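Q: Listed here are the chains, written in short residue letters.
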Amino acid sequence: MLPLFILVPLFCLILLNVPPKAIVKRPAFWLVAALPLVQVFLTAFHPVAVWDEIRNPFNSYFIFNLSVDALSTVLLLSIGIVVFIAALVGRYTLSGETQRFNFFNLLLVAFLGMNATVMVQDIFALYVFIEVTAVASFILIAMQKDKPALEGAFKYIILSVVATVLMLSSIALIVMAAGDTSFAAVSSAIRAYPASVLVKVAVNLFLCGLFIKAGIVPFHGWLPDAYSAAPSSVSVLLAGIITKVSGVYVLIRMVVTVFGIEQSPQAVLMFVGALSIVAGALAAIGQSDFKRMLAYSSVSQVGYIILGLGCGTPLALAGAVFHLFNHALFKTLLFVNAAAVQEKLGTVDMNKMSGLSVKMPVTGATSVVALLSTAGIPPLSGFWSKLIIAMALWQSGQYAYTIIAVLASVLTLAYFLSMQRRVFFGKLQEGLENLTEARLGLILPAIILAVVTVGVGLAFPIVLDKLILPVQNILK
Amino acid sequence: MDNILLLPILVPAVSGILMLLIRKTRGIKEIATFFVATANLLIAVMLFRKELDFTLPWAGFGMEFSLRLYHFSSFILLATGFFGFLIALYCTTFMREKGALNQFYSYLLISIALVNGAVLSDNLVLMLFFWEGLLVTLFGMIFIGGKDSFRTATKAFIIVGISDLCMMVGIGITAHLAGTLTISKINLPVDALGSVAFVLLMIGAISKAGAMPFHSWIPDAAKDAPLPFMAFLPAALEKLLGIYFLARISLDMFKLDASSWLSPLLMIIGCITILLAVMMALIQKDYKKLLSYHAISQVGYMILGIGTCVPVGIVGGLFHMINHALYKCCLFLSGGSVEKQAGTTDLEKLGGLGIKMPVTFGCFIVAAASISGVPPFNGFFSKELIYDGALERGWIFYAMAVAGSFFTAASFLKLGHAAFLGKINDANKSVKEASWPMLIPMVMIASLCVLFGLYNALPLNNLIQPILGEHRLEGHNFSGMPTNAFLVIMTVLVLAAALLNHYLGFKKQGSGIKAVDHIHYAPVLHPIYDRAEKRFFDPFDIGMRVAGWAAKMIWYVDRVIDWLYDGFSVGMTYALSIGIRRAHTGNYSVYIIWSLVGLMVIIFLAVR
Chain B
29 MLPLFILVPL FCLILLNVPP KAIVKRPAFW LVAALPLVQV FLTAFHPVAV WDEIRNPFNS
89 YFIFNLSVDA LSTVLLLSIG IVVFIAALVG RYTLSGETQR FNFFNLLLVA FLGMNATVMV
149 QDIFALYVFI EVTAVASFIL IAMQKDKPAL EGAFKYIILS VVATVLMLSS IALIVMAAGD
209 TSFAAVSSAI RAYPASVLVK VAVNLFLCGL FIKAGIVPFH GWLPDAYSAA PSSVSVLLAG
269 IITKVSGVYV LIRMVVTVFG IEQSPQAVLM FVGALSIVAG ALAAIGQSDF KRMLAYSSVS
329 QVGYIILGLG CGTPLALAGA VFHLFNHALF KTLLFVNAAA VQEKLGTVDM NKMSGLSVKM
389 PVTGATSVVA LLSTAGIPPL SGFWSKLIIA MALWQSGQYA YTIIAVLASV LTLAYFLSMQ
449 RRVFFGKLQE GLENLTEARL GLILPAIILA VVTVGVGLAF PIVLDKLILP VQNILK
Chain V
429 MDNILLLPIL VPAVSGILML LIRKTRGIKE IATFFVATAN LLIAVMLFRK ELDFTLPWAG
489 FGMEFSLRLY HFSSFILLAT GFFGFLIALY CTTFMREKGA LNQFYSYLLI SIALVNGAVL
549 SDNLVLMLFF WEGLLVTLFG MIFIGGKDSF RTATKAFIIV GISDLCMMVG IGITAHLAGT
609 LTISKINLPV DALGSVAFVL LMIGAISKAG AMPFHSWIPD AAKDAPLPFM AFLPAALEKL
669 LGIYFLARIS LDMFKLDASS WLSPLLMIIG CITILLAVMM ALIQKDYKKL LSYHAISQVG
729 YMILGIGTCV PVGIVGGLFH MINHALYKCC LFLSGGSVEK QAGTTDLEKL GGLGIKMPVT
789 FGCFIVAAAS ISGVPPFNGF FSKELIYDGA LERGWIFYAM AVAGSFFTAA SFLKLGHAAF
849 LGKINDANKS VKEASWPMLI PMVMIASLCV LFGLYNALPL NNLIQPILGE HRLEGHNFSG
909 MPTNAFLVIM TVLVLAAALL NHYLGFKKQG SGIKAVDHIH YAPVLHPIYD RAEKRFFDPF
969 DIGMRVAGWA AKMIWYVDRV IDWLYDGFSV GMTYALSIGI RRAHTGNYSV YIIWSLVGLM
1029 VIIFLAVR
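For the record, the sequence lines run as chains B and V.
Residue 504, in the working numbering, is where the first sequence stops; the numbers in between run on with no holes.
Residue 1036, in the working numbering, is where the second sequence stops; the numbers in between run on with no holes.
Hints listed in this document are in silico derivations from the structure and should not be mistaken for laboratory results.
There may be inaccurate statements among the hints.
Mimicking SDA-like on lysine to any residue, the simulated pairs with C-alpha atoms at most 20 angstroms apart in a straight line are [unchecked claim]:
id, chain 1, residue 1, chain 2, residue 2
1, B, LYS175, V, SER939
2, V, LYS713, V, SER939
3, B, LYS175, V, LYS713
4, B, LYS175, V, SER1017
5, B, LYS455, B, ILE405
6, B, LYS380, B, THR464
Just so it is clear, the structure is predicted and the values come from calculations on it, not from any experiment.
Throw the hints in and build the complete structure from the sequences for me.
A: Following this line, the structure appears as structure tokens:
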């Protein structure tokens, strides 16, 4: 069953490109929007893990195994949500039918690449699908072909190349030690030689490659440029899920399943996590570009996930994964809001905006929900994940990191509130009297995400019990 | 059937809240309030002398919604119902022209409900709930009085709030010591921590009753609040409630006896309250304000009586509680009649009203004679019992109590003379007697004053002495004539002295209002009086001055803290933020260098 998550998007991709373009251009959106929705329903309402065992004829066509556990389920759900939203945003912000069609095609590539990334059980296949996703996103960033877009894409490519080099070197070293690239073989090989310098170098090379992909300080230089230069719909996709899958998810998977927590440099993980939190938040405070500020905020929030991962206890891991899921919700929502603002005003310079709430009430209100969730204000979803991370840190005696994590929330609130005040509250900027609310296609995703954010926060015991706490099992 | 105990709480509370919904229909409000108050009185009569318990689970942790009706609480319930009924009747006429006071009736009924609840509660936390609720209606009733009443309302709120806070702490300690919150199960010794708890609870009780030093809002409220409020809360209900609770803690909840240091403490508080408040009352030139100082002074007698810890004193204190509620209520109502008919309560502008308002004057005479302790009115008998107890504990307490009696008599001679006798003011030539809904309550109370005096066995045997129980009374029965001839002779002498004093003062100054000016302007007292009139000794104002200094100090400290938050940390944040922003040059080679440096550090740390 599991290969269908990869094969169906692939089939659709072919379906979109074989017939004459004129026929498929219009229905492309419905196809691309339907797939992730189906995925959301499948993962949210059916236990995906049991599908692993259903035999089907496709399994034998792969030379690597696919498997889904609780962690992958959360990711599949997040991928479905964000890709659906990105498709909606793309349909209503991109100009020109061709450009939209290209966007949907690339979105499908990224979609299947991410789906595969979270399911594969092989270190080399993992690398391949990370690259599939990355190549799709290079083109997506550069889609508008203006100078900033090309510059952002270029920086992303260059630093991704560095990451690729690091990961490939690491895989080469690991193959030397393990003789195989499946997770199980690599894992047992690494556990067999805990003191080997070679293994340590391999592990750390891989981790550094992933740090670049995830945009962790000091490996994050490409990220703000890429996020802010990309079209809005691509920013949604990049910030919401691509870097989270190809960077953060793989990091969690490698550390927990392949390398093993005890073999991983926990101190390094926690340090870069805390560094990302603080540096990202401080950098976000100084920004006047809406999307760039959100990008630095992403760096900061990823720091929380890495901090939880570095802590290594089951509770911390659950908190980290929960925050990953919440981040996909609220950061996507904020980028949707940014897209709405950019669509209506044609700029993302916060100095040129004020009082937009008067004219764009839905955008302003959903932005409040998202920023409060990001800053960890109860009872929104972000509060619970931050609370779990802070609790787990405190329990394992990491008092200094706990305090940093909690205090950085204040910084988060500071830059978001100042953003909200500058952009949405206050007196309406002169010359914007004719501004209207963004069209339904952009409001709808914002409302959906805001409702989900509030809903997850209120129904958090159910979400935690069904979705998040099973993640702890992958530690066993 | 026991849930009938909810009636005295629910009936007034619900109708009080419903009353808020009625708008701009003045006549209906008064009548509705009167009917609810009547219903409440009937419920109280029905419950009188019954013993019932009612318990509902409530907040958990020992905090149960438990009510207990027994002779003491049913007595207070009856008295509350009686006064509520009279005030409601009085209000039907008195308040009619005061349109802005629409909320008054709701507060009146809710206050009745809260007092009933506090009296019935058998759980300390539940009692505190009702007790504190009274703070809200108190605030509301003063607040609706007029333009300047906000300050007074705030003052009352702060003073009563602080003492309620003490009581809350006291309840915490008591619950800790006793291991239960059920009042009827608590019986603690007054050891070190026990006496702290007692003092804290006592502060709550006596401040509700209005003793010094928690009194200073009452004279202010007399000026600002609507008059039925004064007759209702500070004069009647709060005294009943405060002294009820004081009696509960000193009789039941704590094993207080004469050997404890708490007994003299109570007596000293009582004596000081009697003397200082009555000295202030003596020089007042306003009908209501003069009465309000007496409302404070008389609490002193009750506290003194209960503080003696001997049966005769306690019986006297409790008897004085109900007597005081009666005559002080009557006095305030007479003041209300004068205010309504003559348009002022300033004694300078009054005079000679006795002929114009004979019924009011008659009621005033009875009540004033009662409060001054003239035989055979009720105040005489309760005071004699208190004197008896005080003399047993020490002559100094007795002397102070008797001195208080002298000034009480003197000030009422002055008040009666200034308001009802003497030359009539030109402006008051056309004054008429008040209408019957205002007279009936006064006449009823005045007749009760006479009845409770002449036939004092009725209240003593039926209401007061059962509270102490047979074992405490030790076979005594305090009804009938006072047994101690010395005390009676002393009282009569003191009253005669007060009369003489008034006569001499009148002769010297030539008018009733100035009859006590020789005391007011006596060499040592004059400067003290001047300062007291300027609120120099008001504990609230002293506290506010201290709070002002403290606030100024803290303000400077706060500036430093503000700078740490608003200046230092924000500055640091922006400095770091600018630094980080400058580091992001946008040059990809820089970013690659960062990544590689990071990589090398991590690899170095790993293989080290």
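Q: For the pair we were handed, B:LYS175 and V:SER1017, check the Cα-Cα distance against 20 angstroms.
A: holds, 18 angstroms
Q: Measure nothing beyond the straight line between the CA atoms of B:LYS455 and B:ILE405; if it is 20 angstroms or shorter, mark the hint as holding.
A: Cα-Cα ~26 angstroms, so violated.
Q: Within a Cα-Cα threshold of 20 angstroms, do V:LYS713 and V:SER939 meet the stated pairing?
A: Given that 20 angstroms is the threshold and the Cα spacing comes to 13 angstroms, the pair holds.
Q: Given the proposed pairing of B:LYS380 with B:THR464, does the C-alpha separation stay at or below 20 angstroms?
A: Roughly 16 angstroms separates the two Cα atoms, so the pair holds.
Q: Does the alpha-carbon distance linking B:LYS175 and V:SER939 stay inside the 20 angstroms limit?
A: Not OK: B:LYS175 and V:SER939 at ~102 angstroms, beyond 20 angstroms, violated.
Q: Between B:LYS175 and V:LYS713, is the straight-line Cα distance small enough, at 20 angstroms or below?
A: violated, 90 angstroms
Against the hints set out earlier in the document, violations occur for numbers 1, 3 and 5.
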